[in-house]
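Make one complex out of these two single chains by using the hints.
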Amino acid sequence: MEPIMAIVAGCLYAAAIYMMLRRSIVKLVIGLMLLSNAANLLIFTSAGMTRGAPPLIPVGAMQPEGIIADPLPQALILTAIVIAFGVLAFAVVLIHRAYNIIHTDNLDQMKDTDT
Amino acid sequence: MSPEVALPIIIPLLTGTLTLLAWRSNSVQKILSVIGSIALLIASIWLLASVRETGHVVMYMGGWVAPYGITLVADMLSAIMVVLTGMMAVAIAIFSLSSASASHERFGYYPLMHLLLAGVAGSFLTGDIFNLYVWFEVMLVASFALLILGGERAQMEGAVKYVTLNLLSSAIFLSAIGLLYGLVGTLNMADIALKLSQAENSGLVDVIAVMFMVAFGIKAAAFPLFFWLPASYHTGPVAVSALFAGLLTKVGVYALFRVFTLIFNQSPEFTHQLLLWVAALTMITGVLGAAAQFEFRRILSFHIVSQIGYMILGLALFTPLAIIGGVFYIMHHIIVKTNLFLISGIAHRLLGTYDLKKLGGLYKTRPFLSVMFLVPALSLAGLPPLSGFFAKFIVIRAGVEAEAWVVTGVALLVGLLTLYSMIKIWAEAFWKKLPEETDGSGLQQAMTPSLAALYLPVILLAACTLFIGLNGQPIYLMAEFSAQQLMNPAGYIEAVLGVKP
Numbered sequence: 001m002e003p004i005m006a007i008v009a010g011c012l013y014a015a016a017i018y019m020m021l022r023r024s025i026v027k028l029v030i031g032l033m034l035l036s037n038a039a040n041l042l043i044f045t046s047a048g049m050t051r052g053a054p055p056l057i058p059v060g061a062m063q064p065e066g067i068i069a070d071p072l073p074q075a076l077i078l079t080a081i082v083i084a085f086g087v088l089a090f091a092v093v094l095i096h097r098a099y100n101i102i103h104t105d106n107l108d109q110m111k112d113t114d115t
Numbered sequence: 001m002s003p004e005v006a007l008p009i010i011i012p013l014l015t016g017t018l019t020l021l022a023w024r025s026n027s028v029q030k031i032l033s034v035i036g037s038i039a040l041l042i043a044s045i046w047l048l049a050s051v052r053e054t055g056h057v058v059m060y061m062g063g064w065v066a067p068y069g070i071t072l073v074a075d076m077l078s079a080i081m082v083v084l085t086g087m088m089a090v091a092i093a094i095f096s097l098s099s100a101s102a103s104h105e106r107f108g109y110y111p112l113m114h115l116l117l118a119g120v121a122g123s124f125l126t127g128d129i130f131n132l133y134v135w136f137e138v139m140l141v142a143s144f145a146l147l148i149l150g151g152e153r154a155q156m157e158g159a160v161k162y163v164t165l166n167l168l169s170s171a172i173f174l175s176a177i178g179l180l181y182g183l184v185g186t187l188n189m190a191d192i193a194l195k196l197s198q199a200e201n202s203g204l205v206d207v208i209a210v211m212f213m214v215a216f217g218i219k220a221a222a223f224p225l226f227f228w229l230p231a232s233y234h235t236g237p238v239a240v241s242a243l244f245a246g247l248l249t250k251v252g253v254y255a256l257f258r259v260f261t262l263i264f265n266q267s268p269e270f271t272h273q274l275l276l277w278v279a280a281l282t283m284i285t286g287v288l289g290a291a292a293q294f295e296f297r298r299i300l301s302f303h304i305v306s307q308i309g310y311m312i313l314g315l316a317l318f319t320p321l322a323i324i325g326g327v328f329y330i331m332h333h334i335i336v337k338t339n340l341f342l343i344s345g346i347a348h349r350l351l352g353t354y355d356l357k358k359l360g361g362l363y364k365t366r367p368f369l370s371v372m373f374l375v376p377a378l379s380l381a382g383l384p385p386l387s388g389f390f391a392k393f394i395v396i397r398a399g400v401e402a403e404a405w406v407v408t409g410v411a412l413l414v415g416l417l418t419l420y421s422m423i424k425i426w427a428e429a430f431w432k433k434l435p436e437e438t439d440g441s442g443l444q445q446a447m448t449p450s451l452a453a454l455y456l457p458v459i460l461l462a463a464c465t466l467f468i469g470l471n472g473q474p475i476y477l478m479a480e481f482s483a484q485q486l487m488n489p490a491g492y493i494e495a496v497l498g499v500k501p
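Residue numbers (full-length UniProt numbering), protein chains in the order written: chain A, 1 to 115; chain B, 1 to 501.
Same shape as in the complex, but just chain B (with noise of 0.2 Å):
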């Protein structure tokens, strides 16, 4: 028995229906919402700390041992996603004490909010195929909620596509299940990966393959078919957006990580040339997406596009190395990319607009904020000594060693692209005078309570990017140590089902 393994799914399911049951009092959710992240926390880094200690945890759900049951399984990488998914519950939670409103909270924003990330831990954590497309599902139908709320006209218009391209890519990885299934006759990942490792028919799958990269390619964003997301993420409220660009879109590079080092391995030379060239098109399309914008979350937006392309590059490239600097990316960006999308929400509050035209004066009255802005805005960039050096350090120094120049290259412009985007936004919304049509009143606004709650996210995650920065060498190892467990997969195979492969 190792409860840790399924405690940060309970956690959040606990608190998502105890939330339910509070339901009249906006307060009492407020509460119940903070403790129950905080106890996300604390549970994950139980996980983490029992990973580093025997490699994988394993638990057979209902007794039933693999491949028969569902199993829940810890590695490097699931612990590691789980400690972020816990960092960002306890960071939006403390923002939506102050950001959300009363009208979304009467709409079931807070249990919402804990069955998404119920829903994310648990794709993190599952050992099983199938009951990876059922926490996908749970996930996806609270994502469609929250996005939703308020119910504005550019609401609906987003919603219409997320949800449509979601389901689509639902489908597809429901049909790629059922190929799978009618080919091997199990669903345990471990099982699958031992049967496939033994079968011949190498073109069908292939094509499952593929059919797996179309589906996981449309959650994490990637290259073509990443469209809907700068259509829908700004539209919501902004915590929900901060929420979603941190966690939803990792989910699919995750799944990526896992079914592409584990299940898929035989033919790199196919699957992993495909996925080079889906991570170099990503990284160029969102950032020229983002240099195109003036809108304060659309830039954002088109970054987590561009940035997925990193962490994809990570994986195509399939050295130990590549691998490290892929799941450091990962690290990052889930940090950075929340911590911006709230910045801009403290805009917004300071001024009421998230157009960059309208923006400005912010430097003149909020100094410190600004430098808050610039950690993460940099660190995204990838300016030494902040983490994101370190992470586009290590997946391009991986480039360079696998020789794939090309890839190499564009990964070097559009780092300098986002520099670029990160500038725009500074110069417009920070450095320059407050437009005169601009109601300024706004910025006046005394260090209330209120806005304390949205500060202190925001400077525990900018902290957070400057301790990576500073102190990589533990963050480093840990990455090291999950891609040793994702280059090995007979691991992963021995700790499931206990035979060696």
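Bound-form chain A, shown alone (with noise of 0.2 Å):
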């Protein structure tokens, strides 16, 4: 299972790159969309996939039986869910915002703070 993990982590990571290379400032943030999943399937990876019970302690023990899921990982994913997914609701509104005002979605005319 990790190998397939891992590579689908990898394309993730080249589509958002390769996204987030374009012009376009609407296939900028599908970009830092698809990046933060890729990052949370890394997590979800890196630390281990263990085919397991969910990790309950039975009542009077002091350790789990058996081979348990670590819960962390996932514990993880799920903040870093809940924060992508907020910052990435300011980052449409901001686009949307980006483009009533400057009324271009091209990232080659957004160049009047560079220089």
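In case anyone wonders, no lab produced these hints; they're calculated from the structure. What you are looking at is a predicted structure, and each value in this text was computed from that prediction instead of being measured. It is possible that some hints are incorrect.
Listed below are the simulated DSS-like cross-link pairs for lysine-lysine, each with C-alpha atoms no more than 25 Å apart in a straight line [what the hints assert, rightly or not]:
1) Lys111/A with Lys433/B
2) Lys357/B with Lys111/A
3) Lys358/B with Lys111/A
4) Lys161/B with Lys27/A
Some residues of chain B that are not near chain A, with every Cβ distance over 12 Å (derived) [to be verified]:
5) Val65
6) Val134
7) Met156
8) Glu200
9) Asn265
10) Leu412
11) Trp431
12) Leu456
Glycine included, each C-beta is placed from N, C-alpha and C at the ideal position.
Laid out in structure tokens, this is it:
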């Protein structure tokens, strides 16, 4: 399972960078979205994908029985998804406002503040 | 229980919430904002005092002992940074009383400002690497919204670059956390440091170290990924620019200091050598970029980049004296840079422009303001007896002792070019006659309370600069104490985990 997930994560990174290098700001935001998803998948994969029981400790015992799945990466991903969602919502509003004000979605025409 | 570690995070969050509740009344928001900032400063000084006594102040959130729960840790560096945050909060809160326009306030200027402060303080105090990511995002979201308050064309263009580069850096940071967790199976920074010092897989560790370097390097605006900063910082409202200039990039620098002294200290001949070149190139590109500019805030923005180089230089040399220099530099720089941005705001209030070609005549009509400009400007350039001289002196002396001749030479040259930029601003904005096409009626403004609110933080910060310059010994001792702690990560690990590594 890990090799497949690693390839999927790699493809997501590649797609994200390709999209971010395009000139349109809409594609830029799509790239950012893919990038955060790729990072989430990377956490999921690199933390090790054990097929195990839920991490519950029976009553009276001090540690769980048998192999359990590590819950921490899932907690991390959940947090990261929520954050990425919030930031992405902001980015979508930003490009909408930017389009209304600048009247273009071409990044090459947004150079006024560069030099 | 040591509540002083949590207070610098709770107070701005609480202030932000209260100002949100007072949404309809701008005057109530202003009062709350000033009170909240002063409370933050007091809490941070309490924290500093308690760190000076005990060395490390640790608090386990929810009673979950490290490494299982989230830990808040304050060592000397964190405490110093939090005190500086408090000082900047007070300065900006007072300045905003008069500088924030009603339209900005209607869109949540004060709640966002305090949310930003909470994010900054949280980043300085957390002892958990994933929690650091979360505080970074809190800070970023608040800064995104603050930067586009007003919604002008330049702000939108600047914000697109600022948002993209910062999100990219967050994604790299998150990926690095994922790989690190896969390697050591823990998120507590002290625990990571302990486990990495016992691990052997140094190739992968170096890769992760470079990923952290890139992620924090973008946040700190280090070479080669600095270009978002001069493209965006001058576009926002001036109080926001000043707050960003003082604090945001320094969060990145703090994270570099934390991670590259505590966690990735195994192969300094690779990681710190890399940082050394980054530092040299950051200094040069920043200062040369500034030389080409003719806009008040843009020159200052490029100088943030070049000054970041000095701080990273302190870290990269990785000797006790160099770390002292780096910490001292951060203290000096935050105060001075915020002050210079605030002064550019006053010049804008008086003459209605930031363009140096259109500014002029300020020395003739406002000699006091001119002196207030000279203090931080000459301090930035490193003239004795101001704070910048001692900061540069320590860093350069450390460079000489480490026999890093090229980088030390670059640091000296960049100091000279900084002086050139500051003199350019002085000659154009203060010394020169007022150009005829500029409307000079604003210069005759009487000293109203509204103008006094702009002057007060400038005077306070200039007094801090003079204090550090004329009475630097206690500040030096604090920097020395923090350098001792940073060079001996065992103390940090023991304070958090309770075991000797």
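Hint check results:
no., hint, verdict
1, Lys111/A with Lys433/B, "32 Å, violated"
2, Lys357/B with Lys111/A, "22 Å, holds"
3, Lys358/B with Lys111/A, "23 Å, holds"
4, Lys161/B with Lys27/A, "14 Å, holds"
5, Val65, "16 Å, holds"
6, Val134, "7 Å, violated"
7, Met156, "4 Å, violated"
8, Glu200, "18 Å, holds"
9, Asn265, "23 Å, holds"
10, Leu412, "28 Å, holds"
11, Trp431, "26 Å, holds"
12, Leu456, "31 Å, holds"
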